[in-house]
Each structure stands twice: as C-alpha cells, then as structure tokens.
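Here is how the chains run, residue by residue.
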Amino acid sequence: MAKLNQSTSVAFSKIYSIGAARGDLTVTNDDIAGPINSSDEWITQRTGIITRKRASKDRSLMDMAVEASNEAIKKAGIQPSEIEAVIFSTITHPYQTPSAAALLAELIGANPAPAFDISAACAGYCYGIAQADSLVRSGTAKYVLVVGGEKLSDFIDPTDRSISFLLGDGAGAAIVGPSDTPGISKSVWGSDGSKWEAVGMTGSLLDFRDGTGAWPTLVQEGQTVFRWAVWEMVKVAKQALEVAGVKAEDLNAIVMHQANERIIDEMAKQLALPDHVVVAKDIKTSGNTSAASIPLAMHALLEQGQIKSGDLALQIGFGAGLAFGAQVVVVP
Amino acid sequence: MALSAAEVLAGLAEIVTDETGIATDVIALDKSFTDDLDIDSISMMTIVVNAEDKFNVKIPDEEVKNLLTVGDAVNYITKAQG
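As they're listed, the protein sequences go chains A and B.
Sequential numbering from 5 applies to the first sequence in my numbering.
Sequential numbering from 146 applies to the second sequence in my numbering.
Treat the hints as calculated values from the structure; they're not laboratory data.
All the pointers check out, no bait thrown in.
Once the Cα atoms are required to be at most 30 Å apart in a straight line, the calculated DSS-like pairs of lysine-lysine come out as:
| # | chain 1 | residue 1 | chain 2 | residue 2 |
| --- | --- | --- | --- | --- |
| 1 | A | LYS312 | A | LYS239 |
| 2 | A | LYS273 | B | LYS210 |
| 3 | A | LYS79 | A | LYS285 |
| 4 | A | LYS239 | A | LYS251 |
| 5 | B | LYS210 | A | LYS288 |
| 6 | B | LYS210 | A | LYS239 |
| 7 | A | LYS273 | A | LYS199 |
| 8 | A | LYS273 | A | LYS18 |
| 9 | B | LYS210 | A | LYS199 |
| 10 | A | LYS199 | B | LYS203 |
| 11 | A | LYS242 | B | LYS199 |
| 12 | A | LYS273 | B | LYS203 |
| 13 | B | LYS210 | B | LYS224 |
| 14 | A | LYS285 | A | LYS199 |
| 15 | A | LYS242 | B | LYS203 |
| 16 | B | LYS224 | A | LYS199 |
| 17 | A | LYS273 | B | LYS199 |
| 18 | A | LYS251 | A | LYS273 |
| 19 | B | LYS199 | A | LYS199 |
| 20 | B | LYS176 | A | LYS273 |
| 21 | A | LYS61 | A | LYS79 |
| 22 | B | LYS199 | A | LYS239 |
| 23 | A | LYS239 | B | LYS203 |
| 24 | A | LYS251 | B | LYS199 |
Model the full structure from these sequences, guided by the hints.
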C-alpha cells in the first residue's frame, strides 16, 4: 500500500487581530418604541440598551464584512493572499447559495481560499473560532479569516415585542493563525435542538413563497431563552475555564454574546467574577448583533483601553439552535 | 418534607425580596407579579429558578406564564412538592 501523507500539525494557534464595522445609523429607543407600545425607560431598564447601530439600505452585510476583514488583515500584518480559509458566520446572508464567504474571499483578495458559511446564530463566532483553531493546528490552513456578521434589520418586524428592539447590524472579523504559545483553549461547544423553537423565525421561506406566511422575521420565547442562557451557559462558561486550566480570577475580561444586559449581569453574578474582570457591555450602544456581537465587543474593549494585547478573555456565544460555544483566548 | 402554604409563601417572599428589593410584607397572595409588584418576565424567571432550587420542585417554562399572582405560585409550588 502506498504511504499516505496527512497534514503536519502545529502546536498552538492564536487570534492575531480583530476588525469591526457597525451599522451607519444610530437608532435610539425612542425611534422604535412606538410600534411596540413601549418607552425608552422600559427598554433601557429591561435590556440595558440605549442605542443600537443599524445599517441603512446602502450599507450591506457584505460592506460591513469587507470593512471589518480589511481592518483585521491589516492589523495582523499579513497579505490577503496568505489567508487559507474564509469562514463567515451569519444568519442574514439573503441567498440560499452562493455563500457569503465565497464572495467575501473574492472581495478581500483571498480567492482561491476555501470559503464557507456557518449558520449558528449567536454562537456563530465562537463556532468559527473553534473551527479556525482546528484548521490551523491540524496544518490544514495557515491563516484563517473568521467573520461574524449580521444585517438583522432585514429580518425584523418592528411591531414584534419579543426581540426586534434588541437587534442591530454589524460585522467583526478575526485572523487566526499559528502561534509559539497557546492562544486559544479547547472549545466547549454544542447544541440543544430540543429547544429549536425557542428563538428563530416566524415562518419558513416556503410559507412566504406559498402565501401562507409573511416575510419571515425574528421572534423568541424570551423567558425560555433567558433561563437557558443564564443557567445553562454558566455551566458552559465554568467548563470552558476548567478545560482551559484557568480560574475566573485569572481572566482580564469576559466577552459574552451581547444578548441582553440582564443576561450578562446575571451570568456575571453567578460566575462570581472578581472586580478586576472587565465585563463587555457593547450591547448598550451597538445592540444585539448575533454572530457579530462578540468580536465587536472585544474590539470595543481594545479601542477603549479596557483590555490589552496579551490579556486573557473568556468568550461565550449562545443563541438560536439552540447553539453555544466558548473558549478562553489570548487577546490580540 | 412538604412545606405548608404559609411556609412556601414565606420562602417565596424572601426570594422575591432578594431579586427585586421589594419589602417582604408587601408580597401577599393576592398580589399580581406584573401589575402590583412591577416584576418583569426576566426577573420572574430568576425568581422561578431560585424557587425550584429552594423548594426542590420543577416549574417548566410553559407553566410560568400561568403564575400571575403570588398565590398562583404558592399553590403551584405547594402542590408540586407532592
């Protein structure tokens, strides 16, 4: 039998850089409270959101993804042609096919890298990092571009009181590559399809095609999602720390999916995080941007000087699927 | 050992006070969580999960929306103790 070669593995991986792009419109609570019969006070108290960023008609999901990717590539100090895989985590690319990733790869100069989308909602970025870590350490790809990007405003019913008012638009991008020292812990990730109906769309495209349903928009069973997000994700966070071999006090920051400030605060309380651990709260001005929320929040912490390169951060994403993913990373 | 309704009310009132800061003596059986105590659906869920732990019962998500008053919750928990 002929001898088969497999890829040569690499010991460690790390995130080299993060890029960010948000919607161009700043949408206040007053702007959206009318159709949901609510108020600025109610929305701020219940969710922590003061404004959310949404993209106008002229600013597409791809525009934001390209902008974030170009920033990440520049900051990583690599050429786009060195990218050996492009992963785009999104639920708002409005085509069954071709993938958002294939177009993104072309637009940023990474063609002919393998390119694919991940549909894992708010766990999408952490799923992407888990995948990139594996590709790099298995020797399958040297540099991997991971983008978490959404234009959720394309799929919102402004009269929906369950989720619409939380949502925003944006894209975050990370370059993952080989490292001399550990930079990404083993991912703790999974799904729970028994709660498939807890958060998702009001109907399928087939319902829309056949005239039996309206344009599908986002909707959730808020209490079910809250209970799962807090009590189950705290267990996942603890497991991620244990697997990474770090304690809560070793962290410099925790970057949770920016679902709702109440979820973030309750999780932080249950994890008993020491005061020095910065809790990302980008949701207050960016809103909940699903797959984009973690890279946007980490980028914001870096820009604000609340964390620095070399710090340790726990990132944890969770949402529709239900799906979840977490890893401890060295901040780029 | 199953607690009496009065004991469940006392225990539940403690949980509600911890979560919301509302004085324990205001938390009476006839009070509506939303209308009288101004407790929103997220705080309600935290109260429910803490009550499950305290009383060793299960309160499924679909039951939570039926617990409109403190009395509804006390009745449910008292019965669920079996």
